[in-house]
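Trainee: What follows is each chain in one-letter form.
Protein chains: 2
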Amino acid sequence: MTAQTNQRIDGRRLWDSLMDMAQIGATPKGGVRRLTLTDVDRAGRDRFSTLCEQAGLKVRVDAIGNMFARREGRDPARLPVLFGSHLDSQPSGGKFDGALGVLAGLEVIRSLNDLGITTEAPVELVNWTDEEGSRFGHSLMGSGVWSGMVPLEKAYNLADTEGVTVGQAIDAIGYRGPEPAEAFPADSYFELHIEQGPILERNADQIGIVTGAQAMVWYDAVATGQDSHAGTTPPSARKDALVCAARVIDLVDRMMRARGEEGRGTVGQLLVSPNSRNVIPGEVRFSVEFRHPSDAEIDRLDAQFPREAGFIARDCGVKLEIERVFKNPAQPFDPECVALVEQAAERLGYKSRKIVSGAGHDAVYVARRMPAAMIFTPCKDGLSHNEAESIEPEEAEAGCQVLFEAVLARANRTL
Amino acid sequence: MTAQTNQRIDGRRLWDSLMDMAQIGATPKGGVRRLTLTDVDRAGRDRFSTLCEQAGLKVRVDAIGNMFARREGRDPARLPVLFGSHLDSQPSGGKFDGALGVLAGLEVIRSLNDLGITTEAPVELVNWTDEEGSRFGHSLMGSGVWSGMVPLEKAYNLADTEGVTVGQAIDAIGYRGPEPAEAFPADSYFELHIEQGPILERNADQIGIVTGAQAMVWYDAVATGQDSHAGTTPPSARKDALVCAARVIDLVDRMMRARGEEGRGTVGQLLVSPNSRNVIPGEVRFSVEFRHPSDAEIDRLDAQFPREAGFIARDCGVKLEIERVFKNPAQPFDPECVALVEQAAERLGYKSRKIVSGAGHDAVYVARRMPAAMIFTPCKDGLSHNEAESIEPEEAEAGCQVLFEAVLARANRTL
Chain A
1 MTAQTNQRID
11 GRRLWDSLMD
21 MAQIGATPKG
31 GVRRLTLTDV
41 DRAGRDRFST
51 LCEQAGLKVR
61 VDAIGNMFAR
71 REGRDPARLP
81 VLFGSHLDSQ
91 PSGGKFDGAL
101 GVLAGLEVIR
111 SLNDLGITTE
121 APVELVNWTD
131 EEGSRFGHSL
141 MGSGVWSGMV
151 PLEKAYNLAD
161 TEGVTVGQAI
171 DAIGYRGPEP
181 AEAFPADSYF
191 ELHIEQGPIL
201 ERNADQIGIV
211 TGAQAMVWYD
221 AVATGQDSHA
231 GTTPPSARKD
241 ALVCAARVID
251 LVDRMMRARG
261 EEGRGTVGQL
271 LVSPNSRNVI
281 PGEVRFSVEF
291 RHPSDAEIDR
301 LDAQFPREAG
311 FIARDCGVKL
321 EIERVFKNPA
331 QPFDPECVAL
341 VEQAAERLGY
351 KSRKIVSGAG
361 HDAVYVARRM
371 PAAMIFTPCK
381 DGLSHNEAES
391 IEPEEAEAGC
401 QVLFEAVLAR
411 ANRTL
Chain B
1 MTAQTNQRID
11 GRRLWDSLMD
21 MAQIGATPKG
31 GVRRLTLTDV
41 DRAGRDRFST
51 LCEQAGLKVR
61 VDAIGNMFAR
71 REGRDPARLP
81 VLFGSHLDSQ
91 PSGGKFDGAL
101 GVLAGLEVIR
111 SLNDLGITTE
121 APVELVNWTD
131 EEGSRFGHSL
141 MGSGVWSGMV
151 PLEKAYNLAD
161 TEGVTVGQAI
171 DAIGYRGPEP
181 AEAFPADSYF
191 ELHIEQGPIL
201 ERNADQIGIV
211 TGAQAMVWYD
221 AVATGQDSHA
231 GTTPPSARKD
241 ALVCAARVID
251 LVDRMMRARG
261 EEGRGTVGQL
271 LVSPNSRNVI
281 PGEVRFSVEF
291 RHPSDAEIDR
301 LDAQFPREAG
311 FIARDCGVKL
321 EIERVFKNPA
331 QPFDPECVAL
341 VEQAAERLGY
351 KSRKIVSGAG
361 HDAVYVARRM
371 PAAMIFTPCK
381 DGLSHNEAES
391 IEPEEAEAGC
401 QVLFEAVLAR
411 ANRTL
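One line per chain: the protein sequences are A and B, in this order.
The opening residue of the first sequence carries number 1 in our numbering; numbering runs sequentially from there.
The opening residue of the second sequence carries number 1 in our numbering; numbering runs sequentially from there.
So that you can see chain A by itself, here it is in the shape it has in the complex:
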């Protein structure tokens, strides 16, 4: 078959693997609900293990559930080249966010096997735990613990809305592994992911050469007013927590737009109490996040937002507490690794462009510990975190082929 003749990965096999994994947690609307550390996530992990073993790899699991599958190289002295992504999804997520990077990584291994290639350095496939953060409120958890950015105990103690902790959930699905949850010596890390934005599609590009990730800051906010009767409480006596939250939401949107197309500002989560139609809301809890390619802009937002939100709250007669959940600086990727991605895309003749990642990715944390780079493929209408998330088989194949060649080049480079 052609794959034998000039080192092509098998796009058909990759697509079949993607469609197969998409059955696990499949939703009626064609999306995926595979929340981290649930029975559905376990099913996805079990399937991944089986596929790795069928490819001749032994799977190791660490204390936070990260899964590693190494293919040995010729030179035992060399450090492994890592690649992968995550199998967990958003509550109403798509088939490709995360799964593409993991299953393309599997296809790289399968192709190396088919082609009878022995790399100089070992290559190692990774499935990171809880990239999405939608269940326990902390994204990039597995890669964050592994790279030393998040203390293991802190991660174990995070709880979901039912009060179930990460520690309880990971034991419930049997994925608290024996390996220490910390970075082991490795040469580099590559991750293929869908863009989750509209830029590549708008420009008809097949490959995004990701040069780095945005800076971001996340907050938890609680507006506390006074719940009272909606029909009898005159305007002068109202302390409406929802009116306060509404004006803060508008502020977030305006602060984002003031920074042009590179700005990001979102309130994604909001809960009203007591949430009864004829009661003035006494408490509103909501999330706030800002992202921008420039650390300086995030610092400015981090200084301005709490102050301006405080003025709004004062005008509303409402108490507003804003806690910064986390703040990440912009993360540039390794120039050499980025160059390998760029050269692969050029050699293969794919139309590509350099791009800054708008989303947080495991590669951003891993990049704190070793040289790293990412490859983006376009997704339909730039849609992600949505059941309608969609890509074409050729797009998956192109991204996987670039990953294959970049990993191969890195693993075989002369030191």
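Honestly, I wouldn't trust all of these hints.
One copy or any two copies: either way a pair holds, since identical chains are not told apart in the list.
Claimed, not checked - With a cut-off of at most 27 Å between alpha-carbon atoms, the simulated BS3-like pairs for lysine-lysine come out as follows: (1) Lys354 with Lys380; (2) Lys239 with Lys380; (3) Lys380 with Lys29; (4) Lys327 with Lys354; (5) Lys239 with Lys319; (6) Lys319 with Lys380; (7) Lys319 with Lys354; (8) Lys327 with Lys154; (9) Lys351 with Lys380; (10) Lys239 with Lys29; (11) Lys58 with Lys29; (12) Lys327 with Lys29; (13) Lys239 with Lys327; (14) Lys351 with Lys319.
None of these hints come from the bench; they were simulated from the model.
What you are looking at is a predicted structure, and each value in this text was computed from that prediction instead of being measured.
With chain A fixed as given, assemble chain B onto it according to the hints.
Mentor: Relative to chain A, chain B alone:
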């Protein structure tokens, strides 16, 4: 005892009855959670029945669960004078909203018994079903069906957030009674209730002589945008349903304040979907209500609000559907019945004032069928629909004494 000598109700006994009923559905914070047609509501109804029987009255239940207890008068030809309120509460409600009117009514019956008084006309105590509307989304349900404002079948088919219908819930607690759920011939209706607002307290008044109720209009709104990734979707590509809802919430507040202290405008209920911190909200469902003493103002609001909200949605690139749930004109009470309340307050030397009800009350629907009036007592800080809702024993006693004298005067008037 003094009650025997000059026709006083027993304030101590009334207070004990209030504290006793407050045990049923008592919350840790000193409030009450007695949602309509739940097991807790059944417990309250059963207790009420027992107390009525102990006072020598037979309890009748109609097809929507309204409970009636009649004390016969001397003249069988005369129509009964009704009085009462409701025993259901808000999700985090207080001890007195509704219960005061029912148990003060019981105290009127008990006092008539103690004083050996036989009224000319029968007097009849009522407990209306689901006044609050917080479980099935339709307030004043029992009195609405009884007075012909709400079709019985429509009421039976209303469902709570778990999908349980009124018909199923009323059978589950065994309170679908044999009596037809429709108004029977009656002379008049009196209702004692806490003000649920700050006006009486601010003016150090003991009694509010309620001359009528506000006009109101309620809406259900659904904002539909597009959920997508918060980090990758640039401002120009966003269709954020929550930003749209936030600006509509601000609009509601501004339209209220433009009408001064008589205006009421509230968004009490709001649900975000998918409600994940790094996903731009694709859908927001929320309630909107306006109230005002003037029908003309409500008509103006009803004309302006949907139009102006539509402009906001268009600017946000979001689809906004606004459905009017119901619209009630202002309801003036019967001048003769109001005069009886006023005369009683004067005779008893209570500091009082005429007041318009800001809340919807069963009396407003009943007033469509017969002469009606209401008596308000102050509540601490004007707080209601809140576990901190509080009144003083003397305030309850004063209100009950006025109810007693107004009912007695009406039942004994010469025709």
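Trainee: Please flag the earlier hints that this structure goes against, numbers listed from lowest up.
Mentor: Per hint list: 7, 11, 12, 14 violated.
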